[in-house]
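Sequence lines, in order, name chains A and B.
Residue numbering for the first sequence follows our numbering, beginning at 1 and increasing consecutively.
Residue numbering for the second sequence follows our numbering, beginning at 1 and increasing consecutively.
No lab work stands behind these hints, which were simulated from the structure alone.
Mixed in with the good hints, there may be bad ones.
[Unchecked claim] Straight-line Cα separation of at most 27 angstroms, DSSO-like style, residue types lysine-lysine; simulated pairs:
no.: 1; chain 1: B; residue 1: K57; chain 2: A; residue 2: K71
no.: 2; chain 1: B; residue 1: K57; chain 2: B; residue 2: K13
no.: 3; chain 1: A; residue 1: K112; chain 2: A; residue 2: K56
no.: 4; chain 1: A; residue 1: K42; chain 2: A; residue 2: K68
no.: 5; chain 1: A; residue 1: K112; chain 2: A; residue 2: K42
no.: 6; chain 1: A; residue 1: K68; chain 2: A; residue 2: K56
no.: 7; chain 1: B; residue 1: K57; chain 2: A; residue 2: K42
no.: 8; chain 1: A; residue 1: K56; chain 2: A; residue 2: K71
no.: 9; chain 1: A; residue 1: K42; chain 2: B; residue 2: K13
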Amino acid sequence: GESVGLHLPTLSVQEGDNSIINCAYSNSASDYFIWYKQESGKGPQFIIDIRSNMDKRQGQRVTVLLNKTVKHLSLQIAATQPGDSAVYFCADLARFTSGTYKYIFGTGTRLKVLA
Amino acid sequence: KAGVTQTPRYLIKTRGQQVTLSCSPISGHRSVSWYQQTPGQGLQFLFEYFSETQRNKGNFPGRFSGRQFSNSRSEMNVSTLELGDSALYLCASSLRLAGYTNTGELFFGEGSRLTVL
């Protein structure tokens, strides 16, 4: 069945270091992926997205890598800051048999930035 | 530009009762989706509405229902509440129906936290 999972539930990194959050997906037909950040008490916020015709996309301090061969997605955060502490979700856009679509979210990885 | 607004933010109900949650999308957005978020389960898709019609539905029992009004505002209702319905219910809006252009950022509200006792 379709699923989007995360390799690590909690990731602790030192302030200033780079963070890498991983995600595995199972739907080989998925062709659009998003990373979201959710801070405590808030709704998820869009970070970056990537289509399946790309293997890398960069934003401000963030990079998303997509490996379709092994169905793996990662989010890299450069020079991690205390404000990056949050739960990060990956999501893929899955197609129903009816031809409609829905987003499938992973359970999330909690990123803790250590001072 | 105002973001997605959800009301109420917090509520407590008892088993067997029903609850209605409201979502006002970003102005101009016609798609509203609802998600249930529980610890360890991530976000589970409930349904998506577009132009007052339910377009997609997740794997939830019929106790979960929703609707969308002509101004794109949406409500979801849960009847005969169970303890397991305790969760954060998130609403997300977007310009287009999911998958229409095969992309599309979802803008989330801050959620309605439901506790069922």
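- Query: Quick check: which numbered hints come out false for this structure?
  - Reply: 4
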